[in-house]
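Using the sequences and the accompanying hints, generate a full structural model.
Chains as they are written, first to last, in our numbering: chain A, 1 to 367; chain B, 1 to 266; chain C, 1 to 380.
Read the hints as simulated data drawn from the structure, not as lab findings.
One or more of the hints may lead you astray.
[Stated by the list, open to error] Here are some, though not all, of the chain B residues that point toward chain A, as calculated from beta-carbon distances under 7 Å:
| id | residue |
| --- | --- |
| 1 | T13 |
| 2 | A128 |
| 3 | Y145 |
| 4 | E163 |
| 5 | D164 |
| 6 | M171 |
| 7 | V257 |
[Said to hold, decoys possible] Pairwise CB distance ranges, derived in the manner of DEER restraints:
| id | chain 1 | residue 1 | chain 2 | residue 2 | range |
| --- | --- | --- | --- | --- | --- |
| 8 | B | V204 | A | N4 | 27 to 37 Å |
| 9 | A | G23 | B | G111 | 35 to 45 Å |
| 10 | C | K13 | A | D283 | 33 to 43 Å |
| 11 | B | K250 | A | P213 | 43 to 53 Å |
| 12 | C | I32 | A | D239 | 15 to 25 Å |
| 13 | C | L199 | B | E113 | 32 to 42 Å |
| 14 | C | K274 | B | K47 | 49 to 59 Å |
| 15 | B | T52 | C | L199 | 44 to 54 Å |
| 16 | B | E163 | C | T291 | 31 to 41 Å |
| 17 | A | D82 | C | E17 | 35 to 45 Å |
Beta carbons: idealized from backbone N, C-alpha and C, even for Gly.
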Amino acid sequence: MSYNSKDIDAFKGVWVFCEQRNGVIMSISYQLLSEGRKLADDLGVELCGVLLGSGLSHEHAKALGGYGANKVYLCDHPLLKDYTTDGYTKVICDLVEARQPEIFLIGATNIGRDLGPRCAARLHTGLTADCTHLDMDVAKYKEFLKATSTIDVDNTVFEENTNLKMTRPAFGGHLMATIICPRFRPQMSTVRPGVMQTQPFDAVGAAGVAIDPVNVQLAQEDIHVEIMEIKKVARQMVDLIGADVVVSVGRGISKNPEEGIALAQTLADALGGVLGASRAVVDAGFITADHQVGQTGKTVHPRIYIALGISGAIQHRAGMQESECIIAVNTNADAPIFEASSYGIVGDVFDVVPLLTKAVCAIQKDK
Amino acid sequence: MKIIVCVKQVPDTSGVVAVKEDGTMDRAAMAAITNHDDLAAVEAALKIKDATDCKVIVLSMGPAPAEGMLRELLAMGCDEAYLISAREFGGSDTYATSQIIAAAINHIGLGREDMVFCGRQAIDGDTAQVGPQIAEKLNLPQVTYAAGIKVEDGSITTKRLLEDGFMLLKMSRPCLVTCVKELATPRYMRVSGILKCYSKPLTVLDYQTLKNDPLIDDDTIGLKGSPTNVYKSFSPPSKDVGVMLDGTPKEAVSALVALLSEKHII
Amino acid sequence: MYELTREQEILVKMVREFSEKEIAPNAQELDITGEFPADITKKMAELDLLGLNVPVEYGGAPMNEVSKVLAIIEVARTCSSTAEMFAVQLLVNGIIAAYGTEEQKQKYLGMTCREGKLGAFGLTEPGAGSDAGGLQTTAVEDGDSYILNGSKCFISNLGPGEGDYAIVFAVTDRAKKTHSGMTAFLVDRSTPGFILGKLEDKMGIRGAAVSELILKDCRVHKTQILGKVGKGFNIAMSGLDSGRVAIAAQACGEGQAALDAAIAYSKQRVQFGKPIAAKQGIQWYLAEMATKLEAAKLLTLKAADLRDRKEPAGMNASMAKFFAAEAANEIAAKAVQIHGGYGYMKDYAVERIYRDARILTIYEGTSEVQKIVIAKELLK
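Structure below.
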């Protein structure tokens, strides 16, 4: 059979690349299977998981079945133990060319973003990266648009089609675009971890999953990159200026500065962020000056800025007001910081922060 | 040895972002900068040039204003520049773009000792696809997310970032590497470089020059040929301002976290 | 003159980025500690900025006077002290390039361009400021050398860690009076008898190294004579036009910084329910400040352009320096006023710019001297 990515009708089925590292299936795989299940149901087709690795067992496959897969292609080979572009691309593309799925989803991890484009190029098809929303059905898509955009949906013309509608942010998130791949198959999409919801585990699905052990054709000569070392690294001290999240403390922690700073640091750790401080806290000697945010400290523009017990005087705001999302906690409802923030809670930092940290951790566990 | 660095001129999305009434980006109203990841790739190449006296060529696909960016990269120390610019190529998605750039690299010529460097991703498209797709078209081994590059005899070792650590990977040349910002801090242009940049060669590659390369498939280039197209584009709803969460600390926190999660902020 | 060349556009972009990323973050710190920006100086040398008016064969990357003005403006916008160092070095470069022997140019210009070592302009004395002819430092011939004795004050680019050489002006023949009795010498800091005196504690440009220089039986070989014996006064005066244009550029940069700060503040500061920028009074101030600044820039660019065309530029250089220096002071003062109480606090840049600007109307020829130069030209 010669593979022709333009022969649309020959392609059937929704596939999900199920990433595993060190024998552990990553949660993105379950998220994508949950999402893929919806698409497969809309289309009335099979959902298949594609699992590559070495020493894989039926237990792995069952886990994928529990999150919606009808079938799992188990590709087990010593050369697939650790990810290599060449090994994984060859095995996956051979499989896609043989079975011809119409949709193929890959998690946008560091590895997925290496693998996805290489496969799409080899398969002569389009790939849409970092999708935040996927729709098959036009009616559902219209509902989605009504809820999340300013488009006058009822007065807009939509082509009726059964192409996968892949919505993603562009221009640093300032614009949303819905992309389609009408002329080629499979329609490929990468999705970031934490974007899609995982459905509850279904024991029946797990037990009933069909396992297809793939005859992997792979030799050492096929792989052109040598893995010298794989290393895990503890989180490093991130600079305030490049930080994604900054959690800052102000005068509001004065009654117990040590505890206040500890609470803020724990929240920062939970969010993958860095600890900042207002000038008052630095001048009082509670924290060193390299944490200072503001006119005479550092200017930061993180994605999230959390101001704890900070009044929001102009000198401090000058250092953080360009942050994308500002969250303020202060006992004083009239504190100027609330005028500059996206979200505010009037309350005591010592009461609010432990609860906030707990809630953040809970949400992250789900993802 | 030569290093071909692929660069892109992008609108500065960290500054004021201008959106037109139809929901598309008003590129003309925004400052144009060289993509940060690409600058790191250029700097990495220049560091290797400092050590080995190899040639560094910068290549970009874009409209005429991208020439200004290429001149600045020549001022930084690169030796030659190529600008791929043609009506036929406009509106290309990543699949189309990568075949065009691959054809241009064929035109420039890639030898056994050579390398292609790219930035990991551009801040306007944010796809990180073009680098790996160029590698596939040119049949080159690839390493993405490189935060460290060491060139040895006939091979290179790269430090490839994972979310929680890194991999040390070795491959032989020719090869392709996509670089992250953290790889290198780009150097400033020197005045002596600025004075030379307009006399260094800058060649424009148009459709006529590249169309006969076997990689160019007229069916899949440009706006019409790109495998993916835009079905709809729209502005996301504006961000919340001054939203106060009331109630007991527990209630307020609950409401806040729900909001943040819904908006994918956390 | 109104349109930049493409190389000038890239130059401005580079200097602006460098100033904003490398110089600006430390400007306030320099003011507080009075420490000299040694690493910035090295970086500027590496980018060929210290060689902006030096021929290629001595390590420079020469661009014209207009380019020099553009570069100084960008540096002065972020830090007056660094701009002052830059302007003085360019003045010293210019004189050596014009009058130096091949060996002198290779040595001193090379030292500056390739190693970032700074040179000083040793003219001013306690008794000779505006009256440059009233020099007391003497240079007495002794065999193959001259012996220098005397003291200089307010010498820029000279400090505990900075300044590796100086152009020192001394009287070689008191009888011949100013025009033919003065000689310029290139003196290495390491020369015995070249003694660093007091480091000045200044109102502003506190990061600039400005010191007393004492010459005590300082023996200098005749090969160190810059130009010819007796030509010192002409050499000193020849540097003036260039120096005046450079300081005018510095003034424009400082004025720009003050104006930008005032505009930003007035948009942010809310009183009586509105930003103060909505008040006509503030709008009028800003308009006046901006107009003065624009005029200062145009005068400065014209003077630089005349020099580039090798046309007489003395009057224009004095006009530029006089006007820009006074304008920068007025703009800085108004900027402080617009900032209200905050403008008086060291947290805010305008407080520093106000103090930095004060020297502009005094050094490199006081406003009064500039006006005499202009009047002389008018009344010819």
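Hints versus structure:
Annotation: T13 (chain B) was flagged as interfacial toward chain A, and the flag holds, the nearest CB pair being 4 Å apart, inside 7 Å. Taking 7 Å as the C-beta contact cut-off toward chain A, the hint placing A128 (chain B) at the interface holds, the least distance being around 5 Å. Below 7 Å, beta-carbon pairs count as interface contacts, and Y145 (chain B) has one with chain A at about 5 Å; its hint therefore holds. Interface restraint check: E163 (chain B) against chain A, minimum CB-CB distance 6 Å, threshold 7 Å, status holds.
Checking D164 (chain B) against chain A: minimum C-beta separation of about 5 Å stays under 7 Å; hint holds. With 7 Å as the threshold, the beta carbon of M171 (chain B) comes within range of chain A, its nearest partner Cβ sitting at about 4 Å, so the hint holds. Because the beta carbon of V257 (chain B) sits about 4 Å from the nearest beta carbon in chain A, less than 7 Å, this interface hint is met. Separation of V204 (chain B) from N4 (chain A) is about 35 Å and conforms to the stated range, judged on CB atoms against 27 to 37 Å.
The supplied range of 35 to 45 Å is met by G23 (chain A) and G111 (chain B), whose beta-carbon atoms lie about 41 Å from each other. Roughly 38 Å separates the CB atoms of K13 (chain C) and D283 (chain A), a value that falls within the hinted 33 to 43 Å. At roughly 51 Å, the beta carbons of K250 (chain B) and P213 (chain A) sit within the given window of 43 to 53 Å. For I32 (chain C) and D239 (chain A), the Cβ-Cβ distance of about 23 Å falls inside the hinted range of 15 to 25 Å, so the restraint holds.
Checking the proposed 32 to 42 Å range against L199 (chain C) and E113 (chain B) shows it is violated: the Cβ atoms sit about 55 Å from each other. At roughly 53 Å, the beta carbons of K274 (chain C) and K47 (chain B) sit within the given window of 49 to 59 Å. Look at T52 (chain B) against L199 (chain C): about 46 Å separates their beta carbons, and that is inside 44 to 54 Å. For E163 (chain B) and T291 (chain C), the hinted distance range of 31 to 41 Å is not satisfied, since their beta carbons lie about 55 Å from each other.
At about 41 Å, the CB distance of D82 (chain A) to E17 (chain C) agrees with the hint of 35 to 45 Å.
Hints 13 and 16 from the list above are not met by this structure, while the remaining hints are.
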